[in-house]
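Asker: As given, the protein sequences belong to chains A and B, one line each in that order.
FYI, my numbering numbers position 101 of the first sequence as 101, with every residue one higher than the one before it.
FYI, my numbering numbers position 33 of the second sequence as 203, with every residue one higher than the one before it.
Accuracy of the hints is not assured; some may be wrong.
[As the list claims (entries may be wrong)] With a cut-off of at most 25 Å between alpha-carbon atoms, the simulated BS3-like pairs for lysine-lysine come out as follows:
(1) B:K178 x B:K332
(2) B:K355 x A:K156
(3) B:K355 x A:K16
(4) A:K68 x A:K51
(5) A:K51 x A:K156
(6) A:K68 x B:K355
(7) A:K146 x A:K16
Derived by calculation from the structure, the hints in this document are not laboratory data.
As the structure is a computational prediction, the values presented were derived from the model and not from experiment.
Here are the chains, one letter per residue:
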Amino acid sequence: MPVSVNHSRLIYDALKECGVGLVSALPETWLVHLIRMAEDDPEMILVRLAKEEEGVGVSAGAYLAGTKSAMLMQNHGFLAAVNGIVSCAQLYRIPLLMLISHRGEFGERDPWQTEGGGVTEHVLQALRIPFAYLDSPGHVSHRIRKAQTLAYSSNKPVALLLCRDLMWED
Amino acid sequence: MLRLDALKSVYDRLEGRVVITIMGAVAAELQAIGHRPNQFYLQHAMGLASSLGLGVALTRPELSVVVFDGDGSILMNLGGLTTLARYRPRNLVHVVFDNESLLSVGGFPTATSTGSDIAAMAAAAGVPRTATVHTLNEFVAAFDEALAARELTTIVAKVDAKGPAGFVTDLALLENRFEFQRWLKTAARTSQPAS
C-alpha cells in the first residue's frame, strides 16, 4: 500500500510533540499508518468511532477534562461531522484539531472519492474554520503546532488537510 | 414516572460526579432542581452527550461520570452505543429518559413508541449492563446498582411525555461550559472517589 509510512510518522510525532493524548479516528486508506501508530502507543488513547461526528463529542469531553486531542478523518467524514462541529464545538467554543485526509483532489483514482474533494474547502470556509494544507514534509511539524496554538487561543476548531503529495507514494 | 421526579430522586447522588445532560426538558428540569458547577448541559448537538461523556470518562478514570440522555437524542447516535460498548469505561453510567417522543419540538412520537427497544440495542451493541425501568423505585435501585457496579451501564427509564413550560433558562451556555471546565480542573482533589 503506497501510503507513506515516513510522512505518517512525521505527522504522528508532531501530534505527540504537541501533547496530544487522545486520537479519535475512523479508518480510511490514507490514515492506516497513523491509526496503527496510535494503536501501538501505550500513552495514546485511541477511540475508534462508528461515525466521525461522535469524535466531536469525544474531543469536547477530553478537552473539558484537560486532555488535548486530535481527530483523524476523511473529508467525507468531516462532512458527516458538520452538525456536531457547529452545535457542539462552535456553540460551546471548544478547540478541535481536525486532520482531514483530502481525497478527491488532482490524482484521485477512486471515482467515489471525487465529489467530496471539491466541496471540502468551501464547507470549511462557510463554517469559518481556519485551515491549511499539509502537502510537504518540511512544514508538517510547525503547521500542526501552529494550528493547535490557534485552536487553543481562539477556542475554536481548526483543520489541516492531508494532501496526496504528502500521504501517497505513487 | 415523571422525569422530574426521577432526577429529584437521585439528585443527592450527583454531587461530586461529572454530570452531562442533553438539551430540552432534562437540562431545564435539572437546573430547576438545582444547578451545580459539575453539571454540563449540551444544549444542542443531539446525540453527542454520550460521546462527550465517553471523552471525559476515558481521560479521567478517577472521576464518576453520569450522562442523562434521551430517546430522541440516542436514536441520532446509535453508532455511539457501539463506541461506548467498545471502550466500556467503568466510570460511566448512561441514563436514557425514554418518553417515546420528541417532547420539546411538539411531542412527535419517536420509534420507541412503535417498539424500538433502546436497552436491547445497547445490550446488542455490547454494553455489559442494561436495564429498562418503569417506576421511581426501580429507577433509583438501578441507578445505585450501576454506580456500585463499576461497569458501563445503560439504564432506560420510561417516563411520561411531560416537561416544563419552557426550556430556556437563566444559565448562559458559555457560562456553564467555562464553569464546568473549571470544576473539572479541581475535581480530582475535591470530588468523592468514583464508586
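Asker: Would the hint linking A:K68 and A:K51 be met if the CA-CA limit is 25 Å?
Answerer: holds, 20 Å
Asker: Run the distance test for A:K68 versus B:K355: straight-line Cα separation, threshold 25 Å.
Answerer: The given pair, whose Cα atoms are some 14 Å apart, holds under the 25 Å limit.
Asker: Given the hint that A:K146 pairs with A:K16, test it: the Cα-Cα distance must not exceed 25 Å.
Answerer: Holds, at about 14 Å.
Asker: Please work out if B:K355 and A:K156 have their alpha carbons no farther apart than 25 Å.
Answerer: Holds, at roughly 20 Å.
Asker: Please verify whether B:K178 and B:K332 have alpha carbons no more than 25 Å apart.
Answerer: Holds, at roughly 15 Å.
Asker: Can you confirm whether the C-alpha distance between A:K51 and A:K156 stays at or below 25 Å?
Answerer: The given pair, whose Cα atoms are some 21 Å apart, holds under the 25 Å limit.
Asker: With a cut-off of 25 Å on the C-alpha distance, tell me whether B:K355 and A:K16 pass.
Answerer: holds, 22 Å
Checked against the numbered hints listed earlier, the structure breaks none of them; every hint is satisfied.
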